[in-house]
Amino acid sequence: MALSVSNRLNSFARSASHYLKQWNPNHPCGLCVLVNSCQHYSSDSSKPKTGILMLNMGGPEKEADVQSFLTRLFLDRDLMQLPAQQVLGPRIAQRRTPKIQEQYNKIGGGSPIKKWTETQGQGMVKLLDQISPETAPHKFYVGFRYVHPLTEEAIEEMESDGIERGVAFTQYPQYSCSTTGSSINAFYRHYAKRGQPSNILWSCIDRWPTHPGLVQAFAESIQSELAKFSEDVRDDVVILFSAHSLPLKVVNRGDPYPAEVGATVNRVMEALNHSNQYRLVWQSKVGPLPWLGPPTDAAIEGLASKGKKNILLVPIAFTSDHIETLYELDLEYAEELGEKHNLNIRRAPAMNDSPTFIKAQADLVKSHLDSNRACSKQLLLRCPMCVNNTCGQAKQFFSDQQVLLDTHMQQKGVDRAMGAQSATA
1 MALSVSNRLN SFARSASHYL KQWNPNHPCG LCVLVNSCQH YSSDSSKPKT
51 GILMLNMGGP EKEADVQSFL TRLFLDRDLM QLPAQQVLGP RIAQRRTPKI
101 QEQYNKIGGG SPIKKWTETQ GQGMVKLLDQ ISPETAPHKF YVGFRYVHPL
151 TEEAIEEMES DGIERGVAFT QYPQYSCSTT GSSINAFYRH YAKRGQPSNI
201 LWSCIDRWPT HPGLVQAFAE SIQSELAKFS EDVRDDVVIL FSAHSLPLKV
251 VNRGDPYPAE VGATVNRVME ALNHSNQYRL VWQSKVGPLP WLGPPTDAAI
301 EGLASKGKKN ILLVPIAFTS DHIETLYELD LEYAEELGEK HNLNIRRAPA
351 MNDSPTFIKA QADLVKSHLD SNRACSKQLL LRCPMCVNNT CGQAKQFFSD
401 QQVLLDTHMQ QKGVDRAMGA QSATA
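If you read the sequence shown in my numbering, its first letter stands for residue 1, the second for the next number, and so on.
Please keep in mind that the hints were generated in silico from the structure rather than gathered at the bench. A hint or two may mislead.
[What the hints assert, rightly or not] The calculated BS3-like cross-link candidates involving lysine-lysine, where the alpha carbons are at most 27 Å apart (straight line), are:
{"#": "1", "residue 1": "K139", "residue 2": "K193"}
{"#": "2", "residue 1": "K308", "residue 2": "K340"}
{"#": "3", "residue 1": "K47", "residue 2": "K412"}
{"#": "4", "residue 1": "K340", "residue 2": "K106"}
Input sequences plus hints: build the corresponding full structure.
The structure is reproduced here in structure tokens:
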């Protein structure tokens, strides 16, 4: 047995030696992750083993939170770059606060995004405990970019809980540098500033625009709302897939977001057997610079001028209700434009508590854990015109995690071999 243990340690040392020769001890992912990768998982079932960090922008839950939400948003240089941003950003936030507070008051006083994220997380980890017992117990954590609980706060909670395997799971199905990229950069910066390395073995689900469960969930939502149109007009309903727009200067850097949103739309229409006419449109433009088009409101008015009377809005890039569905789509577009042009406009339900969607989340996390991949290949490719050095550093973080995941997987193989040897001894 002593020889077997010696062989095990020698095997682990050999597998790690190549990486250690290249190891930068100042890198935020830290040497202790490599050391911890040879430790056994705790058998204490009350202690979560795998943590899923659900990344999203968040939204203010009450009126008093609006200004701090906007301030963080306008200070985020991954989202937008302003001159003298540290001064100008808070001023813009302060000026816009009353208008945005009024909008939130019209949808109940605050954003429901945290409620729906928690609902989805609870359902997801319950399913994961059933379908992936080898990585259980699972616990979800909410990590918002602009409101509490912030991404950085969620990371520290995971470290405090003793999570051994962490998955940073973006709740934006389609990747953009200004959404998922911003959250991943915040994740990296936190570890870079933390002063001590992580004890968690990390990986990232950075995009999932064509996941079959996501496509099915959208198709079900669309079918349920189409059924509410009278039968004599149902086939003539135009489906407008509406996604948050981006400035063209961001797109022209090489941001993959428009292509990935388009991929989702194409898969959903395939699932619907192309039952209706459709277009992809873009909402929520801010400022004078050119953005992706056509804008959702202009598209509605253009269709109205061409005699189209029945329209179904589908929030194709959002996984739960928030201000852009409840206020912009429902009130500004469906209600106000519908009345103005005598249109019958409906909006497909967001994913919220959809069992199909929650199952898709669980299936996606399980397949990701089974793959032993730190991230998608796409994440490691910087935009051709990227000038943000943090993007490169964050991508390198997850590239380094792949080495640790490979070493950890090799050690698990050694453990299994030792267990089999002990059983036959």
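Practice task
Would you pick out the hints that fail for this structure and give their numbers low to high?
Solution key: none
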